[in-house]
Each structure stands twice: as C-alpha cells, then as structure tokens.
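Work from the hints to combine the two standalone chains into their complex.
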Amino acid sequence: EPEVTQTPSHQVTQMGQEVILRCVPISNHLYFYWYRQILGQKVEFLVSFYNNEISEKSEIFDDQFSVERPDGSNFTLKIRSTKLEDSAMYFCASSEVPPGLSYEQYFGPGTRLTVT
Amino acid sequence: RKEVEQDPGPFNVPEGATVAFNCTYSNSASQSFFWYRQDCRKEPKLLMSVYSSGNEDGRFTAQLNRASQYISLLIRDSKLSDSATYLCVVHGGSQGNLIFGKGTKLSVKP
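The listed protein sequences correspond, in order, to chains A and B. Each residue of the first sequence is one higher than the one before, counting from 46 in this note's numbering. Each residue of the second sequence is one higher than the one before, counting from 156 in this note's numbering.
Here chain B stands alone, though its shape is the one from the complex (with noise of 0.2 angstroms):
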C-alpha cells in the first residue's frame, strides 16, 4: 500500500464551484499532517496544517479522519488562481522527514 495516496485527477472546475480532495495515508503513527500546493515546476508551498478537529482558513477547510486514516481539503468558491495541484503530505518519522503524496490537480476555469 502506497504511503500516501491521492486522487491525481485533474479536477476542472468552473470558478465559484466547490472542490474536496481526499487523501489517505498508510502509516497509523503519523502525527502531523498538511496540505501543500504546488505550482508548475514551483517549490511546495504551505497551504495549511490539519488538525484532528479540523481546521478553517477563509475559503479553505481541512478535515482529519484519524480511525480511517483519512485527510481532506474542501476549497469553495474557487478562483482561478487555485489552480495548482494539491499535495497531500504527512509527518514520516521522528526526525520530520515529510511524506508527500503525488498531488491532485485543479484547473479551475472563467
């Protein structure tokens, strides 16, 4: 089972539409847990972390699903500048190396 798992799309929304990405990830003992965006050929960037109860910032939330192993990003009313692709990531070891899922991109459309 792949350590961190993602949906790679694309997502192509139209903009003002509401998009949720899921993730899964395979190691119980993770204790962190973050949703990076990427843009073409740019570094990661920090989009938030995520909280077991769950998270708001603006237009974007993050849900936790410890039991099921389970993170999700719910963007509404989305612009075109959130089209980036999404990264799922998650705390590896003891030291904090990141694990990163693929990424699931969004092209959100006029």
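Chain A on its own, in the form it takes in the complex (with noise of 0.2 angstroms):
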C-alpha cells in the first residue's frame, strides 16, 4: 500500500539554526500538506500546496517557513531561524484531490523536530 515518508524521523538543532523536513509523498497525489502538533495539543495546519505552490497558509506559517518541490517526488518544509517554540511533532499529508471532494489526506510518520 502507498504511504506518505518523512525523514528524519527526529531532528535536534539549536536555537537559530535551519532545518529542512523532507517529505515524499504518495506518487499519484497532487495536493500536499503540512501540519504540526506541539506535545499534548492538537495538529495544526500551516500550508497547502497545489501545482508548484502555496494554495494556502495558515498564522504559523510566517517568513520563517517556506516550502518547495525541488523534484518530482520529494516536498520539503525549512525553517530558517529555528525558535524553542517550533519543538514539534511536524506531518506532511498528500490527497488526490482536495477534501472539498470528499477525498481524503493521507499522513507521513512525522518528523519530531527538538529545538534546544
């Protein structure tokens, strides 16, 4: 059966520093997704994107967020000044097509990410 990938699975860095979270999603999907979930509290969106872009970005996907599809199977998140507050458990999902059809969003293992 097809599945969403992400490596690392965890990731510690320092305050300040980039990270970038790789994703490779189900093949034949054309939508893809990040969302993160901080310890004991509830997965949050922060994009969507579409045709080699953004469709659509939640409060928390400010500046310091960007994503891309370098290639034609891996999806990527970087950080680029990590902060203490981006310690996450962070998922890419993949869909055929959009929810608004009623289809549904496919999830990677997670990458934790440890911002000390």
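These are calculated hints, taken from the structure and not from any lab test. Ideal Cβ placement from N, Cα and C applies to all residues, glycine included. One or more of the hints may lead you astray.
Computed footprint of chain A on chain B; a stretch qualifies when at least three of its residues, placed anywhere within it, have a C-beta under 8 angstroms from a C-beta of chain A [as the list claims (entries may be wrong)]:
no., stretch
1, 196 to 209
2, 255 to 265
No farther apart than 30 angstroms at their CA atoms in a straight line, the calculated lysine-lysine pairs in the DSS-like style are these [as the list claims (entries may be wrong)]:
no., chain 1, residue 1, chain 2, residue 2
3, A, LYS128, B, LYS234
4, A, LYS87, B, LYS200
5, A, LYS102, B, LYS234
6, A, LYS87, B, LYS197
Label pairs and their calculated CB-CB ranges [stated by the list, open to error]:
no., chain 1, residue 1, chain 2, residue 2, range
7, B, GLU170, A, GLN62, 21 to 29 angstroms
8, A, GLY61, B, LYS234, 42 to 50 angstroms
9, B, TYR225, A, ASP107, 32 to 40 angstroms
10, A, ARG125, B, PRO169, 48 to 56 angstroms
11, B, SER262, A, ASP107, 49 to 57 angstroms
12, B, PRO163, A, SER54, 24 to 32 angstroms
13, A, ASN97, B, LYS197, 38 to 46 angstroms
14, B, PRO169, A, SER118, 27 to 35 angstroms
15, A, ASN97, B, ARG214, 17 to 25 angstroms
16, B, GLU170, A, GLY61, 45 to 53 angstroms
Take a look at the structure:
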C-alpha cells in the first residue's frame, strides 16, 4: 500500500539554526500539506501546496517557513531560524484531490523536531 | 467558539463495550468530515470519511448532522486494539486544509 514517507524521524537543532524536513508524498497525489503538533496539543495546519505553489497557509506559517518541491518526488519544509517554540512533531500529508471533493489526506509518520 | 470541539475523555471501557464519540464544528460551510485515529506519538490515520447519509465500516458507524453541525462515531464490540485517540476532523479551507479537534482518548481494558 502506498504511503507518505518523511525524513528524518527525529531532528535536534540549536535555536537559530536552519532545518529542512523532507517528505515523499504518495506518487499519484497532487496536493501536499504540512501540519504540526506540539506535544499534548491538537494537530494544526501549516500550509497546502498544489501545482508548485502555496495554495493556502495559516498564521503559523510566517516568513521563517518555506516549502518547496525541488524534484518530482520530494516536498520539503524549511524553517530558517528555529525557535524553541518550533519544537513539535511535523507531519506531511498528501491527497489525490482536495478534501472538498471528499478525498482524504494521508499522513506520513512525522518528524520530531527538538529545538534546544 | 472553538472550530472543532470534542470531549477529551478519557473513555475507559471494557472489551466488547459500545462507545460513542461526539463532535461539534463551527463552520457551517465545511463540506468534508473525517474521523482519524492517532496512537501515542504516531501520525493521524484515516479511520473513515463521514457522509450526510451516515456510513458504516464493520464495527464503526459515523453520522453527520449538518443542521446541528454535529458528527458522531460509534464503535461496537470494542477491542483492545481500538485504544487510541480519536480525532474529529473538518475540512476548513478552499484548498483543503483540515481542522482537527483535540481528540478523545479511548482506553479499552480486558
């Protein structure tokens, strides 16, 4: 069964450093998403991406964040200068079509980011 | 008003019990609704989509009441493996961002 993969599974970085989180969405999917979940809190939407551009972003997704699809398979989330409050689990998701058409999003296993 | 509200639980039930989860959402324009389950420190996994007519998948039944902006999930004959946090999820935006509830924790005991 096809699945979303993410690397690394755990990233530890110092405050102020740049991190890149990587995702390989399901191959025939066209819509890609990043979410985060701070420990003990709910899953929060960050950004959606379609046709090589951002479709929608939340208030969390400020200028410190960027996304890219550098090739035909990878989808990355970059945090330019990490802060302590960026520590969270970051989930990548993909869907074949937008959920407005009742197609579901499938999540990767996540990258646990720890900022020290 | 919170966008997606759920009873946080925990719900502690014996094996074989029937358990119901409820959820309300605030955006009347939402078009898609889902239940996901999340095991501790794992990713959310899609359990089922929720349709206006209601839908059933084995021991799981989901219902949607658009007028009341209310979603439910019923689990019959609960198993130990059903222990997880159940997330009520609503489609939020034009390009498909999902809005998650905080989840209801279920613990099924032998």
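Going through the hints against the structure:
1. 196 to 209: holds (count 8)
2. 255 to 265: The restraint on the stretch 255 to 265 of chain B holds, since 4 of its residues have a Cβ under 8 angstroms from chain A and three suffice.
3. LYS128(A) - LYS234(B): Violated. LYS128(A) to LYS234(B) sits at ~41 angstroms, over the 30 angstroms cutoff.
4. LYS87(A) - LYS200(B): Judged against 30 angstroms, a Cα distance of about 14 angstroms means the pair holds.
5. LYS102(A) - LYS234(B): Since the Cα atoms of LYS102(A) and LYS234(B) sit roughly 38 angstroms apart, the hinted pair is violated (cutoff 30 angstroms).
6. LYS87(A) - LYS197(B): holds (13 angstroms)
7. GLU170(B) - GLN62(A): 21 to 29 angstroms: With Cβ atoms ~48 angstroms apart, the hint is violated.
8. GLY61(A) - LYS234(B): 42 to 50 angstroms: Roughly 47 angstroms apart at Cβ, these two residues keep to the hinted range, so it holds.
9. TYR225(B) - ASP107(A): 32 to 40 angstroms: With a Cβ separation near 34 angstroms, TYR225(B) and ASP107(A) satisfy 32 to 40 angstroms, so the hint holds.
10. ARG125(A) - PRO169(B): 48 to 56 angstroms: This hint holds: roughly 51 angstroms between Cβ atoms.
11. SER262(B) - ASP107(A): 49 to 57 angstroms: violated (38 angstroms)
12. PRO163(B) - SER54(A): 24 to 32 angstroms: holds (28 angstroms)
13. ASN97(A) - LYS197(B): 38 to 46 angstroms: Because 30 angstroms falls outside the window, the suggested range is violated.
14. PRO169(B) - SER118(A): 27 to 35 angstroms: violated (46 angstroms)
15. ASN97(A) - ARG214(B): 17 to 25 angstroms: violated (42 angstroms)
16. GLU170(B) - GLY61(A): 45 to 53 angstroms: holds (50 angstroms)
Hints 3, 5, 7, 11, 13, 14 and 15 from the earlier list are contradicted by this structure; the remaining hints agree with it.
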